[in-house]
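Undergrad: Let the sequences and hints guide you as you build the complete structure.
For the protein sequence lines, the chains are A and B, in the order given. Mapped onto my numbering, the consecutive letters of the first sequence carry residue numbers 1 to 309. Mapped onto my numbering, the consecutive letters of the second sequence carry residue numbers 1 to 319.
Just so you know, the hints here were simulated from the structure itself, not pulled from any lab data. Please note that a few of the clues may not be correct.
[To be verified] A few chain A residues that face chain B, going by a derived Cβ cut-off under 8 Å, partial list only: (1) L29; (2) C36; (3) V37; (4) F42; (5) R112; (6) G134; (7) M140; (8) P206; (9) L242; (10) L285; (11) Y291.
Note that this is a predicted model, so its numbers are computed, not measured. The beta-carbon is built from N, C-alpha and C at its ideal position, and this holds for glycine as well.
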Amino acid sequence: MSVAKSASRRASRLTTVGPGAEAVFHLILGLFSLACVVPFIFVIIISFSSEPAIRANGFSFLPAAWSLDAYRFVMRLGDQLWRSYFNSFFITVVGTALSVLICVLYAYPLFRRDYKYRGFFTFFSFFTTLFGGGLVPTYMVSKFMLGLSDNYAALIVPLLVSPFYIIVMRTFYSSTVPEALIESASIDGSGEYRTLFQIILPICLPGIATIALLNALAYWNEWFIAMLYITKPQYIPLQYLLMRMQNQADFLARNSSMIGAEAVNLVANQPTETLRMALVVFIVLPIACAYPFFQRFIISGLTIGSVKG
Amino acid sequence: MTRAPAATRPILAHNLARRKKTLLLTSMALPGALWLLLLRYLPMFGLVFAFQTDRIRPTLWDRVIKNAWTGFKNFEFLFTTSDSWRMVRNTIAYNAVWIVLGLVVSVAFAIILNEIPRKFLGKTYQTLMFFPYFISWVVVSYFVFAFLSPDKGLLTFWQRSLGQTPVDWYNTPGPWPYVLTLAYLWKNVGYSCILYLAAITGIDASQYEAAGIDGATKWQQVRFVTLPHLRNMIIILLIMSVGKIFNSDFGLFYNVPRDSGPLFSATQVVDTFVYRALAKTGNVGMSTAAGLFQNVVNFVVIMLVNTLFRKIDPETALF
Numbered sequence: 001m002s003v004a005k006s007a008s009r010r011a012s013r014l015t016t017v018g019p020g021a022e023a024v025f026h027l028i029l030g031l032f033s034l035a036c037v038v039p040f041i042f043v044i045i046i047s048f049s050s051e052p053a054i055r056a057n058g059f060s061f062l063p064a065a066w067s068l069d070a071y072r073f074v075m076r077l078g079d080q081l082w083r084s085y086f087n088s089f090f091i092t093v094v095g096t097a098l099s100v101l102i103c104v105l106y107a108y109p110l111f112r113r114d115y116k117y118r119g120f121f122t123f124f125s126f127f128t129t130l131f132g133g134g135l136v137p138t139y140m141v142s143k144f145m146l147g148l149s150d151n152y153a154a155l156i157v158p159l160l161v162s163p164f165y166i167i168v169m170r171t172f173y174s175s176t177v178p179e180a181l182i183e184s185a186s187i188d189g190s191g192e193y194r195t196l197f198q199i200i201l202p203i204c205l206p207g208i209a210t211i212a213l214l215n216a217l218a219y220w221n222e223w224f225i226a227m228l229y230i231t232k233p234q235y236i237p238l239q240y241l242l243m244r245m246q247n248q249a250d251f252l253a254r255n256s257s258m259i260g261a262e263a264v265n266l267v268a269n270q271p272t273e274t275l276r277m278a279l280v281v282f283i284v285l286p287i288a289c290a291y292p293f294f295q296r297f298i299i300s301g302l303t304i305g306s307v308k309g
Numbered sequence: 001m002t003r004a005p006a007a008t009r010p011i012l013a014h015n016l017a018r019r020k021k022t023l024l025l026t027s028m029a030l031p032g033a034l035w036l037l038l039l040r041y042l043p044m045f046g047l048v049f050a051f052q053t054d055r056i057r058p059t060l061w062d063r064v065i066k067n068a069w070t071g072f073k074n075f076e077f078l079f080t081t082s083d084s085w086r087m088v089r090n091t092i093a094y095n096a097v098w099i100v101l102g103l104v105v106s107v108a109f110a111i112i113l114n115e116i117p118r119k120f121l122g123k124t125y126q127t128l129m130f131f132p133y134f135i136s137w138v139v140v141s142y143f144v145f146a147f148l149s150p151d152k153g154l155l156t157f158w159q160r161s162l163g164q165t166p167v168d169w170y171n172t173p174g175p176w177p178y179v180l181t182l183a184y185l186w187k188n189v190g191y192s193c194i195l196y197l198a199a200i201t202g203i204d205a206s207q208y209e210a211a212g213i214d215g216a217t218k219w220q221q222v223r224f225v226t227l228p229h230l231r232n233m234i235i236i237l238l239i240m241s242v243g244k245i246f247n248s249d250f251g252l253f254y255n256v257p258r259d260s261g262p263l264f265s266a267t268q269v270v271d272t273f274v275y276r277a278l279a280k281t282g283n284v285g286m287s288t289a290a291g292l293f294q295n296v297v298n299f300v301v302i303m304l305v306n307t308l309f310r311k312i313d314p315e316t317a318l319f
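TA: Here's what the structure looks like:
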């Protein structure tokens with residue numbers, strides 16, 4: 001779009017939306033935007049409130065007394081928490097790397113017009129979005145035939161492939177890679193794998209970044225497959241730990257390495273509500289910190305990929 | 001063996017190269033194809049559980065082969081439970097309302113976001129609105145709990161300070177359709193709003209100019225320029241969500257109401273029913289039957305809707 005055009009568009013807009021309407025727009029969008037982050041801020045405040053103040057006045061944006069008890073408690077008895085932190089981190093890194101690799105590999109032949117089985121593999125992936133075995137048969141097969149139960153594979157494998165991301169990636173290839181590039185590479189004697197990894201992928205980095213971020217978020221936020229396949233505390237990821245704490249506030253304490261009177265004493269004195277909210281902060285903080293940097297990638301990637309390919 | 005005549009040798013070499021290319025490209029698709037085969041196609045055979053008795057066998061294979069066939073018993077059982085009508089109604093009603101509401105709100109937000117002349121504020125709104133999309137339902141359930149907790153929640157204390165009897169949120173199904181709707185919109189509007197906004201910014205500015213010269217008001221420009229441009233995208237997203245009319249966002253219905261039994265009349269949907277039937281009663285046959293029913297309905301609906309839109313306008317069909 002030329003500068004002149006966009007300038008005239010701006011001008012035509014300014015003449016048609018009055019200041020009153022504009023104020024209303026700001027009010028609506030401002031309130032909704034605020035509502036999108038206020039709950040998180042509220043939870044941060046709760047995690048720094050003192051437990052007795054909460055018992056007296058409930059959760060409040062302005063607690064009567066502040067306290068670091070919840071965080072102190074976590075530091076003293078956090079084995080399970082650190083273990084879960086490691087698990088989430090581990091499955092996020094390994095799972096993202098594997099799923100991105102599989103996705104770029106699968107999407108590449110689907111983008112090549114000269115590939116003989118293009119139609120077959122496209123349908124093979126697309127059909128699974130229309131019909132499938134459903135939760136229970138998938139669960140039975142994964143657990144009893146594929147051995148996805150109480151191990152890291154159980155947390156990684158079920159999320160490895162997404163037909164949606166394959167389509168996004170294929171669309172990204174066809175919108176960025178000129179076909180002449182592949183032809184000239186093959187005339188120069190470059191093998192298919194070398195063409196993909198040394199010529200195509202470097203120019204598709206924005207698309208790969210989008211897929212990688214979406215995958216990383218899916219792994220970091222995963223609790224459903226943990227609920228299905230994990231029973232041993234040592235494999236529990238953060239999100240599922242938080243979910244277990246809903247009903248069992250002492251889950252963290254009971255799974256710590258401390259034993260005997262000291263543990264009993266700790267459980268009796270644990271700041272239940274603030275502890276839970278501190279855990280929420282622990283989980284959301286990495287996302288909130290990285291969010292301003294990665295959201296642009298996701299927006300640009302999704303808007304390219306979601307255009308009908 | 002006689003050697004091929006010189007003239008055909010390049011052709012042979014060409015064929016060989018082509019075969020090698022096909023082989024290499026196929027090898028790229030293999031890891032993903034293997035995953036799809038094992039985790040998506042293999043379980044389809046497990047659908048036979050829906051038509052068999054529930055006897056447990058040492059291996060899954062034994063179970064498929066040896067368990068007696070029961071015909072449609074599991075389905076009959078499914079539809080005679082008191083739960084079934086309620087969960088079907090909940091699933092379809094929530095989806096129908098949310099598809100319409102989500103569409104209207106996100107398109108409206110995208111349009112007014114596009115009309116904001118101050119770039120910085122517009123970007124800030126966009127960033128803040130997109131944030132909930134990246135938060136898991138487990139975390140959202142704690143956000144909701146901070147407001148609705150029966151003894152410590154913010155709303156509970158407000159009601160008390162106003163001299164009212166506070167609502168016992170996690171035991172009163174009445175308000176939950178509204179709570180769930182708010183939670184749904186809160187988490188998803190930012191995302192679809194950004195998709196629509198991208199489509200709107202792609203519209204050629206000269207069209208607005210022309211409309212402006214013809215004396216179109218802002219509202220008329222939206223009505224006759226913006227909306228027609230969004231039409232195809234709206235229809236494609238619509239087909240996709242109608243094709244999932246019998247599915248629900250499990251985390252929203254399971255975690256946000258904290259799996260609370262008294263709320264089931266407002267929060268039970270097919271997905272939560274399938275999970276609960278499996279996890280709490282271990283009834284594989286019936287939960288598979290429920291899942292199969294869900295899949296078949298979705299499949300039929302998406303085929304019908306897609307065919308319908310293809311008849312009207314081939315451009316708008318999903319496939």
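Undergrad: Restraint: L29 (chain A) near chain B, CB-CB cut 8 Å. Satisfied or not?
TA: At about 5 Å, which falls below the 8 Å cut-off, the nearest Cβ of chain B leaves the hint on L29 (chain A) intact, so it holds.
Undergrad: For the hint on L242 (chain A), just tell me whether its beta-carbon gets within less than 8 Å of chain B.
TA: Since chain B brings a Cβ to about 5 Å from L242 (chain A), closer than 8 Å, the hint holds.
Undergrad: Tell me if the interface restraint on L285 (chain A) is satisfied: Cβ within less than 8 Å of some Cβ in chain B.
TA: L285 (chain A) check fails; min Cβ-Cβ to chain B is 11 Å, beyond 8 Å.
Undergrad: If you take the shortest Cβ to Cβ gap from G134 (chain A) to chain B, is it below 8 Å?
TA: 3 Å, holds
Undergrad: Checking hints one by one. Is R112 (chain A) an interface residue toward chain B, by the C-beta closer than 8 Å rule?
TA: 6 Å, holds
Undergrad: Against chain B, with CB atoms and a cut of 8 Å, does the hint on C36 (chain A) hold up?
TA: 5 Å, holds
Undergrad: Take the shortest C-beta to C-beta distance between Y291 (chain A) and chain B; is it under 8 Å?
TA: Holds. Min distance 6 Å.
Undergrad: Tell me if M140 (chain A) is really an interface residue toward chain B, meaning its C-beta lies closer than 8 Å to one of theirs.
TA: With a minimum Cβ separation of about 6 Å from chain B (threshold 8 Å), the hint on M140 (chain A) holds.
Undergrad: Should the interface hint for F42 (chain A) be scored as holding, given a Cβ-Cβ cut-off of 8 Å against chain B?
TA: F42 (chain A) check passes; min Cβ-Cβ to chain B is 5 Å, inside 8 Å.
Undergrad: Grab the minimum C-beta distance from P206 (chain A) to chain B and call the hint holds if it beats 8 Å, violated otherwise.
TA: This interface hint is violated because 15 Å lies over the 8 Å limit.
Undergrad: With chain B as the partner, please determine if V37 (chain A) meets the hint condition of a C-beta pair closer than 8 Å.
TA: 6 Å, holds
Taken one by one, the earlier hints fail for this structure at numbers 8 and 10, listed in ascending order.
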